[in-house]
Amino acid sequence: MKTYNPPPGWSEVPSRLPGIAIYAPPPQKDDVPDGPVSTKCKNCGSSMAFDPVRQVVACGACGTEQEKVKAVGALAGAEGNEFTLEALRRGAKGWGVERKTLHCGQCGSDLVVEPGALATSCPFCASNQVELVAGDKDAVRPGYVLPFKLKSADLEKNVKGWLDKGWMHPGSLKQVARIDKFVGVYLPYWIFDARTRASYECEVGTDRQVTRRDSDGRTHTETVTDWEWKKGNIDRAWTGVKIPGTTKLSQVLLGRTHEKFDTGGCVPYDAGVLAGFQAQSYDLALPEAWEKGRASIRELAKGACEQHAKGSRGDHVRNLTMNASMDDEVWRYVMMPVYVSAYKFDNRTWQVMVNGQTGEINGQKPVVWWRIYALIALMLSPAVCSGVLGIPLTFFAVGVPLLVIALVLLVFAIVGSVYLWKSATAAEAA
Amino acid sequence: MSRKNTAVERVSEGADRLGRHPVGCPKCKRAFLVPQGAVGKPCPICAEAALSPQNVVMRDAEPEQVVPFGASRQDLKPKLAEFASVRFVTGDLTADNLVERAVPVWWPVWLVDATCEGSFKAEVGFDYEVKSTEEVLDGGTWRSREVMRDKIRWEPRQGAVSRRYDNVPAEALTEHDARKKAIGGYDYRKAVDYTQDKLADAWVQLPDVPPDEAWPDAEAGIAKKVGQDVRQAIDVRHVRGVTVSADYPDVNYTWMLLPMYASWYVDSGGVRRPVLFHGETGQVYGKRMASVTKGLVWGAVIGTFATGLLLLAGFVGLVGIVLLPLLAVAAVLGALSLPFFALALWPPLSAWSHNRRETASP
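Heads up: the sequence lines are chains A and B, in that order.
Mapping of the first sequence onto the working numbering: position 217 corresponds to residue 745, and the numbering continues sequentially without gaps.
Mapping of the second sequence onto the working numbering: position 358 corresponds to residue 360, and the numbering continues sequentially without gaps.
With the rest of the complex left out, here is chain A (with noise of 0.2 angstroms):
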């Protein structure tokens, strides 16, 4: 036999037929290490971390980079994870640097901490009761990591000038509120890819204008609803669904926060990424993390169908039912950048979370009760004294349009109050 060299790493596997040798590529290792991962510094053996501005990891005393980090570009074409049994049932294989979990006895967070980086304080409950826990090891590892772009130092202005907007909250807010400090936390989201295949029918109502005259022989314009049972087929590719890993946060602030995360900037999984940051364990496992983004995707799947079946011309859609078959599904496991503080103000605490790629804040404010409560009762005050004042004088010919006119401020007013209400509610939601 001619002398073959295979390439290298390949080995020789066995072959059925004499005279034929196979070589079989090495089988795909998982770069997780076996032990810890140093951080270190190679040059001078001090900590190295992450340098959001920079976007490399690099020596805080001898200034050493690392290479710097690259972007996947668009992460629906990253590789993914398929969803098979092997690994809906795999469990963890580490983080790959040595880390700690801080667990919070309050709120119940698990923070995956450096060593040495012990936190006086939860940065969701500014509680101080926390203890250590060993690192969950059967954790699924992340495949991608959405580096930090913004510096904690910067976040310090904004969200003061944050605090101080919004006539609804107390006005000593900016002043006594104590934030501490922003921690910076990568926060774990499972991240959904899936093509649907839908065929459905449903009924497509079209609204058209008709004049019709009464028997008094005034004419009035009625809008009318043709409704037509239409069927149809639709196809399409549902990419970057995502679904925050962790129940312990608030979900109100996380959906605002993770709308503006450009996925894009996602890099491959490096432990050097982490560096100087604290990561959150995902505590929302991927069946159930799935279960949810499922129920995104066939929702969008649904609008879709909807959508199609109105074509240009159509206005409703009643009596939808549709079969929706699911392939290509895909999942990420990504480490989102977070800062997260909490302040405490009137013997309450309250989150704040600021996108660490796009500085765009989003938390939970006191709001003032008794302005708004001022506020709806002046919004119904005209609506009210108009109709005391129309009451009585219904006995004279003023009475009736005055009722009308309170009646008219009442609908105003109640609008107003509804949507003031839910804007107070919103502030202080978690």
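Treat the hints as calculated values from the structure; they're not laboratory data.
What you are looking at is a predicted structure, and each value in this text was computed from that prediction instead of being measured.
Just to be clear, a hint being listed does not mean it is correct.
[Claimed, not checked] Pairs of lysine to aspartate or glutamate residues, derived as EDC-like cross-links and limited to a Cα-Cα distance of at most 20 angstroms, are as follows:
#	chain 1	residue 1	chain 2	residue 2
1	B	133	A	754
2	A	838	B	140
3	A	596	A	579
4	A	758	B	140
5	A	759	A	729
6	A	788	A	721
7	A	820	B	249
8	A	758	A	834
9	B	133	A	579
10	B	226	B	125
11	B	153	A	610
12	B	133	A	834
13	B	123	B	249
14	B	200	B	64
15	B	133	A	607
16	B	227	B	249
17	A	820	B	282
18	B	200	B	282
19	A	759	B	125
Starting from the known structure of chain A, fit chain B onto it as the hints suggest.
Chain B alone, transformed into the frame defined by chain A:
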């Protein structure tokens, strides 16, 4: 590709070894080895000219293998009768004539032996399952049904091949593919070792593709076998994209003979038409010409009948001048004659159009 055997250089001693006489067809330039007594008979392939003695270029070596005849001439009669069942068939095209004139002919295929020394690349696929769902929206609520989908994970494989391949067939005639298409392929697994007695009284058609020109076909055949062996060696259910890059340091050619019968008939124009049939399966190939003359005769008969009807209608019409009711009978007879006039055109036209189709077919 030109027929190399027309360039006569020397008489091969191989012809004598096979107990045959070298002859050639002056019309189609094909060369044969025939038994004594076959000289002067029509060329079995083109049937247009008589075979005449000539020198031929051939390898001295005897054939290595033959695929034996699986059917006798008599066995083929039913198929030939079916072949000859053409409307207005030429009188000479009968099963009996074809059987009587049929001669057994061996036609050649190169057998190539070579050692393959090279490398291959392929992709192998492993089955795995993924969990998926079918979602149904009915009455405003969603129902999910879990389904498992089969998928294939592909992995690359590479390797080395060093194997000997013997008796890989390669075309020895320029018309190899056309002939296989006409009378069908052969089961080479039925091939047996050549002995002179297996030739019997059959004629032997000589190769017109020299070995060096047959090599690309042989190489493709060997590469195909290597690909099959690689698939077998890998022993995985899914293998795709097998490519082989190899050298063949020691190539050796022998030849194999395939059985067929050749016969002929004379069409209505006096042209001799060849008919070939497979020596194993009896699949027949040839142009089945109809007789236009026969068609014309039938047309004349029907036309005469139509004319008779018309004349009768004329006569009855004349009588109808006196006996008025007979005018109606005359009209009916006259009308009846018209379709027969039209029908009289059909036999010659049918024979002519059939012949056109036959001539145009490959």
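Here is how each hint holds up against the structure:
1. B/133 with A/754: 42 angstroms, violated
2. A/838 with B/140: It holds: about 19 angstroms lies between the C-alpha atoms, which stays within 20 angstroms.
3. A/596 with A/579: Since the Cα atoms of residue 596 of chain A and residue 579 of chain A sit roughly 10 angstroms apart, the hinted pair holds (cutoff 20 angstroms).
4. A/758 with B/140: 15 angstroms, holds
5. A/759 with A/729: 4 angstroms, holds
6. A/788 with A/721: 18 angstroms, holds
7. A/820 with B/249: 58 angstroms, violated
8. A/758 with A/834: Holds, at roughly 10 angstroms.
9. B/133 with A/579: Outside the cut-off at roughly 40 angstroms; violated.
10. B/226 with B/125: 16 angstroms, holds
11. B/153 with A/610: With a Cα-Cα distance of about 10 angstroms, the restraint between residue 153 of chain B and residue 610 of chain A holds, given a limit of 20 angstroms.
12. B/133 with A/834: The hint is violated at about 27 angstroms.
13. B/123 with B/249: 15 angstroms, holds
14. B/200 with B/64: 12 angstroms, holds
15. B/133 with A/607: 18 angstroms, holds
16. B/227 with B/249: 14 angstroms, holds
17. A/820 with B/282: With Cα atoms ~68 angstroms apart, residue 820 of chain A and residue 282 of chain B exceed 20 angstroms; violated.
18. B/200 with B/282: The hint holds at about 15 angstroms.
19. A/759 with B/125: Between residue 759 of chain A and residue 125 of chain B the Cα gap is close to 42 angstroms, so the pair fails against 20 angstroms, i.e. violated.
Violated hints, listed in ascending order, are 1, 7, 9, 12, 17 and 19; each of the other numbered hints is respected by the structure.
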